[in-house]
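Peer 1: Residues per chain are reported as follows:
Number of protein chains: 2
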Amino acid sequence: MPEYKAPLRDMRFLIDEVFDFSGRYQALGATDASPDMVSAILEEGAKFCEQVLAPLNRSGDEEGCHFDNGVVTTPKGFKEAYAQYVEGGWNGVSSDPAYGGQGLPHSLGLLVSEMIGASNCSWGMYPGLTRGAMSAIHAHGSAEQKQAYLPRMTAGTWTGTMCLTEPHCGTDLGIIKTRAQPNADGSYAISGTKIFISAGEHDMSENIIHLVLAKLPDAPAGTKGISLFIVPKFLLDAHGEAGARNAVACGSIEHKMGIKASATCVMNFDGATGYLIGEANKGLACMFTMMNHARLGTGMQGLCLGETSYQGAVRYAQDRLQMRALTGPKAPDKPADPIIVHPDVRRMLLTMRAFNEGNRALAYFTAQLLDIEDLAEAAEEREQAANLLAFLTPICKAFMTETGLEVTNLGMQIYGGHGFIREWGMEQLVRDCRIAPIYEGTNGIQALDLLGRKVLGSQGKLLMGFTKLIHQLCQAQAEHPQLKGKVAQLAALNKQWGELTQKVGMAAMKNPEEVGAAAVDYLMFSGYVTLAYFWLRMALVAQDKLAQNSGEAAFYETKLVTADFYFSRLLPRAAAHVAAIEAGADSLMRLSAEQFAL
Amino acid sequence: MPEYKAPLRDMRFLIDEVFDFSGRYQALGATDASPDMVSAILEEGAKFCEQVLAPLNRSGDEEGCHFDNGVVTTPKGFKEAYAQYVEGGWNGVSSDPAYGGQGLPHSLGLLVSEMIGASNCSWGMYPGLTRGAMSAIHAHGSAEQKQAYLPRMTAGTWTGTMCLTEPHCGTDLGIIKTRAQPNADGSYAISGTKIFISAGEHDMSENIIHLVLAKLPDAPAGTKGISLFIVPKFLLDAHGEAGARNAVACGSIEHKMGIKASATCVMNFDGATGYLIGEANKGLACMFTMMNHARLGTGMQGLCLGETSYQGAVRYAQDRLQMRALTGPKAPDKPADPIIVHPDVRRMLLTMRAFNEGNRALAYFTAQLLDIEDLAEAAEEREQAANLLAFLTPICKAFMTETGLEVTNLGMQIYGGHGFIREWGMEQLVRDCRIAPIYEGTNGIQALDLLGRKVLGSQGKLLMGFTKLIHQLCQAQAEHPQLKGKVAQLAALNKQWGELTQKVGMAAMKNPEEVGAAAVDYLMFSGYVTLAYFWLRMALVAQDKLAQNSGEAAFYETKLVTADFYFSRLLPRAAAHVAAIEAGADSLMRLSAEQFAL
Chain A
1 MPEYKAPLRD
11 MRFLIDEVFD
21 FSGRYQALGA
31 TDASPDMVSA
41 ILEEGAKFCE
51 QVLAPLNRSG
61 DEEGCHFDNG
71 VVTTPKGFKE
81 AYAQYVEGGW
91 NGVSSDPAYG
101 GQGLPHSLGL
111 LVSEMIGASN
121 CSWGMYPGLT
131 RGAMSAIHAH
141 GSAEQKQAYL
151 PRMTAGTWTG
161 TMCLTEPHCG
171 TDLGIIKTRA
181 QPNADGSYAI
191 SGTKIFISAG
201 EHDMSENIIH
211 LVLAKLPDAP
221 AGTKGISLFI
231 VPKFLLDAHG
241 EAGARNAVAC
251 GSIEHKMGIK
261 ASATCVMNFD
271 GATGYLIGEA
281 NKGLACMFTM
291 MNHARLGTGM
301 QGLCLGETSY
311 QGAVRYAQDR
321 LQMRALTGPK
331 APDKPADPII
341 VHPDVRRMLL
351 TMRAFNEGNR
361 ALAYFTAQLL
371 DIEDLAEAAE
381 EREQAANLLA
391 FLTPICKAFM
401 TETGLEVTNL
411 GMQIYGGHGF
421 IREWGMEQLV
431 RDCRIAPIYE
441 GTNGIQALDL
451 LGRKVLGSQG
461 KLLMGFTKLI
471 HQLCQAQAEH
481 PQLKGKVAQL
491 AALNKQWGEL
501 TQKVGMAAMK
511 NPEEVGAAAV
521 DYLMFSGYVT
531 LAYFWLRMAL
541 VAQDKLAQNS
551 GEAAFYETKL
561 VTADFYFSRL
571 LPRAAAHVAA
581 IEAGADSLMR
591 LSAEQFAL
Chain B
1 MPEYKAPLRD
11 MRFLIDEVFD
21 FSGRYQALGA
31 TDASPDMVSA
41 ILEEGAKFCE
51 QVLAPLNRSG
61 DEEGCHFDNG
71 VVTTPKGFKE
81 AYAQYVEGGW
91 NGVSSDPAYG
101 GQGLPHSLGL
111 LVSEMIGASN
121 CSWGMYPGLT
131 RGAMSAIHAH
141 GSAEQKQAYL
151 PRMTAGTWTG
161 TMCLTEPHCG
171 TDLGIIKTRA
181 QPNADGSYAI
191 SGTKIFISAG
201 EHDMSENIIH
211 LVLAKLPDAP
221 AGTKGISLFI
231 VPKFLLDAHG
241 EAGARNAVAC
251 GSIEHKMGIK
261 ASATCVMNFD
271 GATGYLIGEA
281 NKGLACMFTM
291 MNHARLGTGM
301 QGLCLGETSY
311 QGAVRYAQDR
321 LQMRALTGPK
331 APDKPADPII
341 VHPDVRRMLL
351 TMRAFNEGNR
361 ALAYFTAQLL
371 DIEDLAEAAE
381 EREQAANLLA
391 FLTPICKAFM
401 TETGLEVTNL
411 GMQIYGGHGF
421 IREWGMEQLV
431 RDCRIAPIYE
441 GTNGIQALDL
451 LGRKVLGSQG
461 KLLMGFTKLI
471 HQLCQAQAEH
481 PQLKGKVAQL
491 AALNKQWGEL
501 TQKVGMAAMK
511 NPEEVGAAAV
521 DYLMFSGYVT
531 LAYFWLRMAL
541 VAQDKLAQNS
551 GEAAFYETKL
561 VTADFYFSRL
571 LPRAAAHVAA
581 IEAGADSLMR
591 LSAEQFAL
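Residue numbers (the UniProt record's numbering), protein chains in the order written: chain A, 1 to 598; chain B, 1 to 598.
Check before you lean on any hint, since a few could be wrong.
Where chains are identical, the list cannot tell them apart; a pair therefore holds if satisfied intra-copy or between any two copies.
To be verified - Using 27 Å as the maximum straight-line C-alpha spacing, the simulated DSS-like pairs for lysine-lysine come out as follows: (1) K282 with K334; (2) K545 with K330; (3) K79 with K282; (4) K5 with K468; (5) K330 with K510; (6) K334 with K224; (7) K79 with K146; (8) K47 with K146; (9) K5 with K503.
No lab work stands behind these hints: they were computed from the structure.
Could you put the whole structure together from the sequences, leaning on the hints where they help?
Peer 2: Rendered as structure tokens:
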């Protein structure tokens with residue numbers, strides 16, 4: 001297994017030098033998030049992840065979860081690690097103090113999540129789902145519901161789930177069959193089967209709080225007839241403790257390609273007692289309010305697994321001796337040179353770095369928007385952040401997972417045959433990553449969300465909120481002595497982004513299929529340009545630091561070389577996506593369904 | 001598991017309508033390969049693969065191979081299927097009649113291999129390795145060696161292996177440690193450890209003939225000091241039967257990401273009796289003569305797994321109901337439309353088709369070159385074929401496996417969450433495919449072979465052998481009423497191919513790292529242009545057939561639409577590879593090895 005070390009230097013580069021987390025926290029009144037607090041969280045979080053979670057990653061994959069007659073047992077050590085996590089108060093880092101949380105900004109919580117996801121992706125699913133459920137209850141629950149569930153969920157002694165998917169529907173939640181029958185006492189009897197429920201059943205917590213989408217009797221058809229219910233595994237007794245077992249049970253767990261230590265459950269609701277949360281028939285909207293968090297979290301899995309893969313790959317490339325450099329031996333005393341001398345190995349490593357570090361910048365920037373949306377005093381500032389967040393979220397989810405999959409595959413490739421062998425741990429990262437482009441809304445759905453709902457749905461307003469930032473940066477730096485070439489490259493792509501959007505928008509007015517035909521390539525184009533913006537920002541900081549001669553020259557030079565690599569070798573892919581978009585819907589729609597089977 | 005049906009219509013399109021296998025066989029004097037024989041082999045082969053091999057694919061993956069104290073047991077049913085294969089005489093289809101083979105052309109053998117690899121990739125490894133070993137013995141063995149081993153290997157009652165890799169070296173065979181000590185009787189005592197030996201030990205055959213690279217005492221250092229040895233598992237007795245056990249044993253089997261039913265063995269040679277094959281110190285050259293076959297075979301795995309994935313994906317896309325078409329319901333009587341109505345699902349399916357069918361054309365064309373190299377009367381014709389073969393082989397191996405991996409990943413994506421569940425069989429295809437870009441020379445090594453050895457090493461001659469074909473086709477079809485746009489697009493890329501090569505060649509004269517820096521992008525560029533050539537050829541045939549109004553219009557229209565898709569939505573990726581190549585070596589070589597770890 002590649003050993004995981006939290007990349008604290010790179011994290012600090014972003015939070016201190018590029019995005020000024022500390023200054024933002026001050027401005028937002030998040031005074032608890034002092035520099036000392038940030039350091040303490042980073043260092044203690046790193047220790048927990050490196051020493052407790054990382055050692056369980058490969059064994060968890062090998063052992064997987066166990067299912068026995070409704071009981072799910074997590075792999076050896078998972079339960080104990082979770083107890084340590086609860087004990088350390090990690091689950092409540094960025095949760096509401098009213099329910100026992102530390103109340104620190106979301107962006108700080110994200111740093112902890114990154115380290116968890118990178119050290120043990122499967123394990124991270126359990127608290128990840130809990131925080132998702134918490135945010136739905138926090139946003140839509142009644143005061144009583146919040147008081148009943150949030151304190152224990154914040155502590156982590158109770159965990160949570162999101163029960164959406166059914167055997168016949170995932171994307172298309174309008175056709176769910178799970179039913180909610182009103183009981184005399186105001187509760188509901190929930191009946192139906194949910195599948196792919198992460199953390200649906202396990203042995204790590206005292207209670208599991210399911211958030212379940214179901215239909216009330218006589219609910220309107222489609223997505224406008226879905227309601228959200230709280231269904232605890234154990235009903236609360238008079239003291240609010242986990243009491244009698246509710247009529248919800250795990251029917252089986254899935255056998256999957258990856259994240260094998262995360263229990264993916266079939267959950268059977270057999271007249272289980274549930275409590276409506278939020279308004280009737282508004283369940284999908286309730287679920288969507290927490291989607292920004294969850295989708296950013298899924299995008300993070302691409303970064304997390306990519307980071308761990310890079311760490312393994314670079315160590316292997318420095319150790320593994322194979323062939324001589326084309327310019328002559330670099331380690332003449334050894335039987336061969338370390339493979340890091342070979343240009344193609346470097347190409348793979350730099351691709352990994354460029355995506356990882358670019359994705360990290362995108363994620364941290366987006367997490368700051370969560371802080372602003374939550375904490376800024378001015379409504380205008382909050383709205384602006386919310387708009388940017390709405391725009392960037394599908395890009396985070398889809399682009400970070402697509403590139404994360406490329407990164408983990410490259411990490412495996414660098415190991416040669418050994419990459420295919422389970423013992424080395426590199427192939428697990430690929431398998432664990434492979435779900436990220438699928439769940440939490442497939443990347444195809446993210447692309448429709450970006451282009452259809454966000455960009456065209458806002459008449460381009462949400463796009464312009466972001467391209468304006470790029471435009472301003474490019475204008476300000478147009479004459480930058482070292483970086484003006486990159487500035488010009490980015491400015492041209494930024495302009496093209498607007499033009500391309502207009503073109504697709506016009507075409508879509510004639511034929512709605514144009515949106516679906518362009519969506520994924522549009523999202524990928526958007527991702528490449530977005531990362532170029534962040535790479536330019538990072539390069540500007542690195543160039544400044546070098547000019548100031550303030551030390552760590554090798555670190556800042558590496559940033560500049562990686563930025564060069566990104567602009568010259570990865571960013572040109574954007575043009576291929578433009579060509580694909582311009583091919584239009586006709587290239588896809590001409591065949592009949594039957595012809596596909598010929 | 002996606003049900004596998006041999007794509008006989010598409011196979012026949014290529015062999016009958018595009019490449020005229022039959023006419024070629026006649027011209028080459030391969031009169032046994034009559035149209036009836038071709039049909040019989042296709043139909044019987046399809047039956048065996050669909051009915052015997054395909055049903056064992058998923059169970060083989062789930063069960064894997066068993067290792068117990070040196071004994072390897074293959075999954076349930078594998079041994080019986082192999083007995084049927086031997087019984088049917090399948091192993092000798094294209095082998096030398098002097099040793100019991102049917103002597104049919106290689107291109108016909110390839111069709112059988114395709115069906116085997118598509119129905120059960122792991123199972124196909126056992127006969128695949130045997131044929132590799134057979135071809136080395138056939139090319140380099142003495143008359144006695146051929147007589148001793150080839151009849152039984154041709155029948156399949158004995159199998160073979162290739163023992164190259166050692167724990168400390170895979171690509172860099174110059175540093176192997178396995179030693180061959182001369183015995184008094186002219187044999188050698190072979191000692192050392194080989195790893196990643198596919199089919200190194202198993203329960204399917206009566207004997208296993210290992211071809212082992214080892215060093216003689218006082219052999220020159222590096223690749224010029226490697227010799228090749230035959231090391232049978234059981235030494236031959238006086239009657240040529242498998243007799244006493246030789247001192248070679250399987251130490252363990254690997255636990256891998258995929259191809260789990262293929263036994264990947266650590267083989268310990270402990271003074272095992274071996275027999276020199278070919279000249280001393282020329283072992284690597286002996287191994288390389290069979291590499292064209294083996295590398296084409298590995299490329300085929302990308303096609304095979306891609307084909308099976310497509311078959312599963314298209315069925316699922318027609319069955320799975322989810323959401324409505326953007327232009328209104330297409331199946332109003334059902335709760336939702338089948339997902340094949342959605343443009344993005346079609347984009348994925350068409351990408352799969354375009355790569356699969358393009359790769360199939362490339363493979364069949366390449367297999368015809370094997371026939372010509374083997375059978376043509378004129379030395380010039382043989383040489384021309386050999387040159388084209390040398391040029392296309394690394395493209396087949398690397399491009400077909402890269403795109404095969406993309407295809408299998410898309411197939412899985414179309415299944416949504418179900419794609420990640422083992423039960424559906426789609427994720428197995430991704431795992432099985434993931435080794436193909438790695439083994440038989442990583443794709444990075446293929447790229448160096450293409451650009452460094454083949455193209456620049458021949459002063460561009462091998463490249464021109466192929467670009468000339470493209471040029472001739474483009475000239476002949478420049479005014480084609482329907483296809484001239486594609487002809488122009490291909491002609492421009494073909495011209496760019498030459499210019500790009502010159503540019504890289506010039507740069508490489510100043511700095512040899514330029515070759516390594518450009519290689520993988522150069523190979524991918526080459527692959528995209530190569531497939532465009534074959535797509536144009538297929539489109540020309542389809543257009544002709546439609547003009548002739550000879551029926552099956554839907555089939556030929558589908559070809560044309562897929563060709564359009566390839567040219568408009570996939571071929572533009574070539575430009576991104578050009579940009580990456582033009583970025584040059586400096587973008588990769590500026591960092592120190594230490595900076596990569598910062």
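Peer 1: Now look at each hint and say whether the structure bears it out.
Peer 2: Evaluated hints:
1. K282 with K334: Between copies only: 25 Å across, 67 Å inside.
2. K545 with K330: Close neither inside one copy (31 Å) nor across copies (59 Å); limit 27 Å.
3. K79 with K282: neither (36 Å within a copy, 58 Å between copies)
4. K5 with K468: neither (37 Å within a copy, 53 Å between copies)
5. K330 with K510: The answer is between: 19 Å across copies meets 27 Å, while 61 Å in one copy does not.
6. K334 with K224: Between. Shortest inter-copy distance 19 Å satisfies the 27 Å Cα cut-off; intra-copy 69 Å does not.
7. K79 with K146: The answer is within: 26 Å in one copy meets 27 Å, while 61 Å across copies does not.
8. K47 with K146: For K47 and K146, neither the intra-copy (32 Å) nor the inter-copy (63 Å) Cα distance is at most 27 Å.
9. K5 with K503: neither (46 Å within a copy, 42 Å between copies)
Taken one by one, the earlier hints fail for this structure at numbers 2, 3, 4, 8 and 9, listed in ascending order.
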